[in-house]
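Peer 1: Given next are the chains, with one letter for each unit.
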Amino acid sequence: MSSAAIAPLPSEHPVEPRVNYLNATYGVKSWLLTRDHKRIALLYLASITFFFFLGGLFALLIRLELLTPAGDLVQSQTYNKLFTMHGVIMVFFFLIPSIPAVLGNFLIPMMIGAKDLAFPRLNLLSWYIYMVGATFTLWAVVHGGVDTGWTFYTPYSTASSNTHVVATAVGIFITGFSSILTGLNFIVTIHTMRAPGLTWFRLPLFVWSHYATSLIFVLATPVIAVTLLMVAVERLFHFGIFDPRLGGDPILFQHLFWFYSHPAVYIMVLPAMGVVSELVTTFSRKNIFGYKFVAFASIGIAVLGFLVWGHHMFVSGQSVYAGMIFSLLSFLVAIPSAVKVFNWTATMYKGSISYRTPMLYAFGFIGLFTIGGLTGLFLATLGVDVHVHDTYFIVAHFHYIMVGGAIMGYLGGIHYWWPKISGKLYPEAWARFAALVVFLGFNLTFFPQFILGYLGMPRRYHAYPPEFQVLNVMSTAGASILGVGYLMPMVYLVWSMRYGKAAPANPWGSTGLEWDTPSPPPTENFPVTPVVTDEPYHYSPGEVEVVG
Amino acid sequence: MAQHVVPPKVYFAVFTALIVLTATTTAISFLNLGPWNTVVALGIAFVKATLVALFFMHVKYSPRLTQIVVAGGLFWLAILIAFTLSDFMTRGWLPISR
Amino acid sequence: MAEARGPAAGAAPAAHAGPRELQHHFDTMEQQRDASSLGMWVFLVTEILFFGGLFLAYTVYRSQYARAFAEASRHLDISLGTFNTAVLIVSSLTMALAVFSASTGRRRAVLVFLLATMALGGVFLGVKAVEYGHKFHDHLVPGLHFRFPGPYARQAEIFYSLYFAMTGLHAAHMVIGIGLLTALVLQARKGRYGPDYYTPVEVSGLYWHFVDIVWIFLFPLLYLIGRHLH
Amino acid sequence: MDQGFPLFPRQASSMAPHVDNLYFYLLAVSFFFATLIALSVIYFAIKYRRRSESETPPGVEGSLKLEVAWSVIPLLITFTFFFWGTKLFFAMNRPPTDALEIYIVGKQWMWKIQHADGQREINELHVPVGRAVRLTLTSEDVIHDFFVPAFRMKKDVVPGRYATAWFEATRPGRYHVFCAQYCGTKHSAMTGWVEVMDPLAFQNWLAGGTGSESLASAGAKLFAQHACNTCHRPDSLARGPNLEGLFGKTVTLQGGRTIVADESYIRESIVAPNAKLVAGFQPIMPTFQGLISEEGLLQLVAYIKSLSKAAPSPAGIPQPVKESAPEREAPK
Ligand code: HEA
Ligand code: HEA
Ligand code: CUA
Ligand SMILES: [Cu+2]
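Residue numbers (the working numbering), protein chains in the order written: chain A, 1 to 548; chain B, 1 to 98; chain C, 1 to 230; chain D, 1 to 332.
Keep in mind the hints are simulated off the structure, nothing from the lab. Be careful, since some hints might not be right.
[Claimed, not checked] Sample of chain C residues with no beta-carbon within 12 angstroms of chain A, all distances over it, derived:
1. Gln32
2. Leu38
3. Thr104
4. Val130
5. Gly191
[Unchecked claim] Straight-line alpha carbon distances no greater than 30 angstroms define the calculated DSS-like cross-link-like pairs of lysine-lysine that follow:
6. Lys135/C to Lys276/D
7. Lys292/A to Lys65/D
8. Lys9/B to Lys135/C
Backbone N, C-alpha and C define an ideal beta-carbon position, used for all residues, glycine too.
With the hints as constraints, model all of the structure from the sequences given.
Peer 2: Written out as structure tokens, the structure is:
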């Protein structure tokens, strides 16, 4: 921020060899015992990438099974295990930690001019906890899997399923503490470690969105933890907490589950929104339109997001009056999302827009998140949700937001900060091509599912009536294209670590403190604590135009 | 944000109050006050918890941020309970025709 | 920009001006203490919601099966419950005094009060174990030949499921608390804590008091609600 | 693929057109906003594309007016969704009073259906066209969900309680029934058909049943068999409340609370008699949980209901319907 000059094109001259966080120390131990937030971020990057491809593999098997109406590829129970493990892995072990634990970990200290997070050891511990939880879940996967659906509804999960429910639940329980500690670390860091002059309204929006995410981590995660604990106890020791035979109420479980899991969907999308705010400003070379509105929209989403969980339960037997309240509040939470979308669009107005890969992903995010979000409004509408609940309409809705939105944001962010993380430039042409493949593959996969859903095809169906086949074939075809699209970055990013061009400190001409450090940054980020004097996204000193 | 040292006198006073309140709540539980039994028991528990938080945990002398954090935690607990009860308490409301 | 770095810059605190307790990434002791204290408070908020799930389950069933819960509650031992409540209150006092002693430089007293707190915690757990033993003996452990006389057997089983879940979780927190105190005692023996550095004592104290507060609510909810019926 | 390639579900209930109209309204609004955003992004991206690496566009001050506009306008629009959707939802949850009653028990992995007149079927539901049908649903094991896409109707079937749903079929034909709540291995096989018949055909179908007794009289038998009548009897020896006229009445419980005696209450009174004690009675009624099947419970409920009615509602009032012969949705 203190140096807002536009950097020249990536310089052709290799930067002189320099001690940075990657080469400061060597050896496995120096990584496994590191307390450097940047190295921990990379540990996470490796782990979640593994889980993404594992979850993706399950998705491909799901899609292959659904190529034909008959359940002919795998058996019913195997299919049920496939979508359960797909959902569990993608949600708890990939998407929830994805942007926060990788990009957030890497960038938040640098963006606020700090040497590290407030609790570096706790940060490392978070990763270990995540790995322990992941091990439990992997153990369950290897030893036969689990078939409850990612939602673990009782009494199926407590009394009926004969698969590894407890091991999986314990895995998620443990991983939950990793989320909690990450959130706690971010909150404390953002409160206490900002550089001098870096007031709240000078924070990058990425930091704001992570602050909001952390609030959810801290306030929602404990509830899923205790809920899964109750499920485990009921299953193991035959305690009766949700057992209808004792007068217990399975719907209470659903309340507890969604009290976490609805806010959790905002854990998945808020960080991506933060990334998009950075991308849109950088590649439009503009300050964000309506900074405060975008910043407070994050907090608004986090807070209101806690008041809508009952919209997953409209047909569950929940009281119709509660349904009414939850429906109304669900519409309210859509407003801050709308504010963000409009402000990003307005930011591009009269900008200088460059079509680098990260910006392509940002375009993808805006478009697909809008579609996903708008279809969320269908679901929040009581009369319509009755028909589409638990059909492929829901599946399409959330993949539009989570795959079309959140993963696009994640990939955009990875490309954008890749020069900073690795010190190398990725191959631009390949990257643009991959972004295009992902976009096309994605829409081919999930758009037909909206139609399927309204037609009435229920989700979690191993076999389906033949009239749904054409649309399912399209979806499966799309998924294979999508898979290729995801493999490409995997390949060229790894390739670039060795063969890519060396990256300058600030390849995009961005503002933001992280670009003031060399690429890759030294272990302590800043030799001297920086002092911030500028407003955020200060791309055009002096000139300000008033709109509207 | 200087650390505030609370004199032990305050601790002993709070401690005495806590013990007295414990004795009171146990004693009252043997009386039949109808629905008020619950109200009194929870009311006393709330007072006790507040005393512990304010004095033993120094919330009274803590920075504003800490106080907001505490209030926020309780508020979220209230959200969890209130919105769930909004379901359980209104279940029978819609008249079922016959 | 190539500055000299220590051999393991990420792993070892770099040479730094300031007291030895100051970690390398903080600028001042004050900043470090604020961070620890805020961190603990945020953690306690997660604890509120962690127990909150069980409190919610309790509230829902209690409002539906008030009578059964009252009957079931009468099988708990109110004198042991009251005794344990008092024990925890005393332990909170000793904990507060430990923090006070640390902040005023009474290094021996810190040790004494920490040990007293641990001992009281031990007493609490001992009494709890005795109570659990009784419940086991009386066939009041759900899922394990649960038997409850009278017409309320099934809802009483829910009550006891919640009883064991809530007190069990609370006891687990006590065990963790005693673990924290053990770590403090080991440091306090070396006279580590004094007026300029006692954040660990203070922060562990917050945790201990929180666990006390949870019990302050569990006690009336579980033990007292059915007392007046007979 | 002889089934064709449908893109839109058939409308076969009185509710379906209402749901679809709301759906089209939502589609229109969504289409408008999605296009607005997409076109603006594309337009700005082209118009303001970067022409030289060194250009710096002027900064822009936000605009309060715009922010308010794009918060308040969407908010108002969503309110229209809310009101319309809620109105429909309440209609879906308020069965008409003269509806034909059918009882359904879900279990892993089948639907067991009992008509008031005693016909039973599995995974097939025969109903007359043009007559409101009210379903009382429960489950023997885990949560299921009774979903008929052509009726835009769906209801979770939760063990331990009764769910209610209703529809009025408007076109004869054969329509899918799906279990829409994941319930284990054969969840996707827990499907069936609704056969919507014209009223005369339905009467014939009813008459051609296996001649089993009506639900209420099956319930009456159970009532005697389980010796309910030792306590529930009209005379002075009664130790339990009189059940005549109970259904639909407001019952005062011990502690002063009141509750309307609906199906769920009666069921609970049998399986968990002490959960809600009737004022003035001792908790002496034993639980019948596990002794009576869910179907038996439904029969008892039907019997106790019949005690409150002058005459149990006759099934399928014939009403001439203009529709042509039943179209088959997908012959199996
Ligand atoms: C990242 C994940 C994510 C996000 C962000 C959202 C966002 C939203 N979701 Fe979604 N949802 C899921 C993931 C997500 N959801 C998942 C995983 C499930 C299924 C779980 C399961 O059962 O397995 C689900 C299910 C689900 C349901 C339950 C459906 C059912 O099971 O019957 C509902 C119901 O209300 C809902 C609503 C919404 C709404 C209103 C939003 C809103 O926040 C969206 C707001 C965004 C916009 C509105 C778009 C931008 C706005 C404009 C372009 C301006 C125009 C706006 C207006 C006119 C208002 N979602
Ligand atoms: C972050 C969350 C996330 C992500 C990224 C995805 C990604 C995908 N999902 Fe998933 N999905 C969920 C979350 C997610 N999903 C959830 C929560 C459910 C609900 C589960 C439930 O009902 O309980 C669900 C359910 C779900 C269903 C419904 C199943 C059913 O109800 O019966 C389907 C069906 O098409 C599907 C498809 C896909 C596809 C095609 C992708 C694609 O985007 C994936 C593309 C990626 C790849 C294809 C990876 C590339 C891998 C290779 C090329 C193989 C090489 C492998 C190795 C080297 C190991 N998903
Ligand atoms: Cu029954 Cu799904
Ligand atoms: Cu939701």
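Peer 1: Taking the hints in turn, state whether each one holds.
Peer 2: Structure-based check of each hint:
A cut-off of 12 angstroms between C-beta atoms contradicts the statement that Gln32/C is not in contact with chain A; the least separation is 9 angstroms. Look at Leu38/C: its CB is around 5 angstroms from the nearest CB on chain A, not clear of 12 angstroms, so calling it non-interface is violated. With a minimum CB-CB distance of about 26 angstroms to chain A, Thr104/C clears the 12 angstroms threshold, and the non-interface call stands. No beta-carbon of chain A comes within 12 angstroms of the beta-carbon of Val130/C; the shortest separation is about 21 angstroms.
Taking the minimum C-beta to C-beta distance to chain A, about 24 angstroms, the non-interface status of Gly191/C holds against the 12 angstroms cut. Among the hinted pairs, Lys135/C with Lys276/D is consistent with the structure: their alpha-carbon atoms are about 27 angstroms apart, no more than 30 angstroms. A threshold of 30 angstroms between alpha carbons decides the hint, and for Lys292/A with Lys65/D the separation of about 14 angstroms falls inside it, so the pair holds. Only pairs whose Cα atoms come within 30 angstroms are accepted, and Lys9/B paired with Lys135/C is rejected, the gap being roughly 40 angstroms.
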